[in-house]
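> Top line first, the protein sequences correspond to chains A and B.
Residues in the first sequence are numbered from 1 upward in steps of one, following the numbering used here.
Residues in the second sequence are numbered from 1 upward in steps of one, following the numbering used here.
Be aware that a few hints might be false.
[To be verified] Interface residues of chain B toward chain A, partial, derived using beta-carbon atoms under 10 Å:
| no. | residue |
| --- | --- |
| 1 | Q6 |
| 2 | D11 |
| 3 | I12 |
[To be verified] Under 10 Å between C-beta atoms, here's a sample of chain A residues computed to sit facing chain B:
| no. | residue |
| --- | --- |
| 4 | P8 |
| 5 | M11 |
| 6 | F12 |
| 7 | N30 |
| 8 | T31 |
| 9 | E41 |
| 10 | P43 |
| 11 | F73 |
| 12 | F103 |
| 13 | G106 |
| 14 | T110 |
Because the hints were derived from the structure by calculation, they are not lab data.
Backbone N, C-alpha and C fix where the C-beta goes; we use that ideal spot for every residue, glycine too.
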Amino acid sequence: GQQLNQSPQSMFIQEGEDVSMNCTSSSIFNTWLWYKQDPGEGPVLLIALYKAGELTSNGRLTAQFGITRKDSFLNISASIPSDVGIYFCAGQAGGTSYGKLTFGQGTILTVHP
Amino acid sequence: SAVISQKPSRDICQRGTSLTIQCQVDSQVTMMFWYRQQPGQSLTLIATANQGSEATYESGFVIDKFPISRPNLTFSTLTVSNMSPEDSSIYLCSVETNVVEQFFGPGTRLTVL
Numbered sequence: 001g002q003q004l005n006q007s008p009q010s011m012f013i014q015e016g017e018d019v020s021m022n023c024t025s026s027s028i029f030n031t032w033l034w035y036k037q038d039p040g041e042g043p044v045l046l047i048a049l050y051k052a053g054e055l056t057s058n059g060r061l062t063a064q065f066g067i068t069r070k071d072s073f074l075n076i077s078a079s080i081p082s083d084v085g086i087y088f089c090a091g092q093a094g095g096t097s098y099g100k101l102t103f104g105q106g107t108i109l110t111v112h113p
Numbered sequence: 001s002a003v004i005s006q007k008p009s010r011d012i013c014q015r016g017t018s019l020t021i022q023c024q025v026d027s028q029v030t031m032m033f034w035y036r037q038q039p040g041q042s043l044t045l046i047a048t049a050n051q052g053s054e055a056t057y058e059s060g061f062v063i064d065k066f067p068i069s070r071p072n073l074t075f076s077t078l079t080v081s082n083m084s085p086e087d088s089s090i091y092l093c094s095v096e097t098n099v100v101e102q103f104f105g106p107g108t109r110l111t112v113l
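Could you put the whole structure together from the sequences, leaning on the hints where they help?
Following this line, the structure appears as C-alpha cells:
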C-alpha cells in the first residue's frame with residue numbers, strides 16, 4: 001500500500017526560528033494536506049494543495065506540492081509557542097482511492113520561549 | 001469547513017464489551033470516514049461510511065469488529081466490538097467537503113482494561 005515518509009520525527013527550536021518539514025511518497029498523490037494536532041484534539045487542517053508545483057501560504061505557514069507529485073513540504077516562519085503540536089502530512093491518491101487519506105508519521109514540534 | 005462532534009469524548013471499558021461512538025456533522029456531507037490513532041502513532045483509515053449502504057473497510061479492518069452505520073448525511077456510528085486492550089486508541093471521524101478537504105472531529109479516547 002501507499003506509505004508516506006515524514007521527516008523529521010521531532011524538532012526542538014527556539015521561538016522566532018523558522019521550521020521546515022517534508023513528506024515523501026513512493027507513489028503519486030493528487031492532493032496533499034497538512035494538519036496540526038494539539039494534545040487531546042482532532043487534527044486541524046492547515047493547508048490543502050491540489051496541483052503539482054503549487055505553493056500556498058496561510059499566515060506564517062507555507063506549503064508546496066512537489067512537481068513529481070510524490071512529495072510536499074511545510075515551512076513555518078518565525079515560530080511562536082502556540083506552534084507546539086504534532087504536524088501531519090496526508091495524501092489523497094484519487095481514482096479508486098478517492099477520499100482516502102494516507103498520513104505521514106507526524107513531526108512533533110517543540111518551541112522554547 | 002464543517003463542525004463535527006463526537007460522543008463520548010472518552011471512555012474506559014472492560015475487555016469483551018462493545019462501545020458505540022457517534023459522529024454528528026452540522027451540515028450534510030457526502031463522505032464520512034472513521035480513523036484510528038493508536039497511542040503515539042499516526043492516523044489509519046478504518047472505513048468509509050456510506051450513506052444507505054454497507055461501509056467500505058480498509059485492509060486489516062472487518063465489519064464484525066467495527067460495524068458502522070450511516071443512516072443519513074449528517075450522522076454515523078462506529079462500534080468497537082468485543083474489545084481488548086489492543087483496541088485502546090483515539091477514534092476519529094472525518095468528513096469531506098466539496099473541495100476534497102477533510103475535517104476531523106475531536107476524537108473519542110478509548111481505554112480498554
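> Take the hints in turn and mark each one as holding or not.
To see whether the hints hold, each was checked on the structure:
Annotation: interface hint on B/Q6 holds; nearest CB of chain A at approximately 8 Å, less than 10 Å. Annotation: B/D11 was flagged as interfacial toward chain A, and the flag is violated, the nearest CB pair being 14 Å apart, outside 10 Å. A distance limit of 10 Å between C-beta atoms decides the matter here; for B/I12 the minimum to chain A is near 16 Å, and the interface restraint is violated. For the restraint placing A/P8 at the interface with chain B, the shortest Cβ-Cβ distance is roughly 15 Å, beyond the 10 Å limit, so the hint is violated.
For A/M11, the suggested interface contact is broken, since its CB lies about 17 Å from the closest CB of chain B, more than 10 Å. At a threshold of 10 Å, the smallest CB-CB gap from A/F12 to chain B is about 17 Å, leaving the interface hint violated. For A/N30, the suggested interface contact is upheld, since its CB lies about 8 Å from the closest CB of chain B, less than 10 Å. At its closest, the beta carbon of A/T31 sits 5 Å from a beta carbon of chain B; the interface hint therefore holds under the 10 Å criterion.
Look at A/E41: its Cβ gets to within about 6 Å of chain B, closer than 10 Å, so that hint holds up. Among the interface hints, the one on A/P43 holds; its C-beta lies about 5 Å from the nearest C-beta in chain B, closer than the 10 Å criterion. The restraint placing A/F73 at the interface with chain B is violated, with a minimum CB-CB distance near 18 Å, outside the 10 Å limit. With 10 Å as the threshold, the beta carbon of A/F103 comes within range of chain B, its nearest partner Cβ sitting at about 5 Å, so the hint holds.
Given hint, A/G106 at the interface with chain B, holds; its Cβ is 5 Å from that chain's nearest Cβ, closer than 10 Å. Hint status for A/T110: violated, given a least beta-carbon distance of 15 Å to chain B, over 10 Å.
The structure fails to meet hints 2, 3, 4, 5, 6, 11, 14 from the earlier list, while all remaining hints are met.
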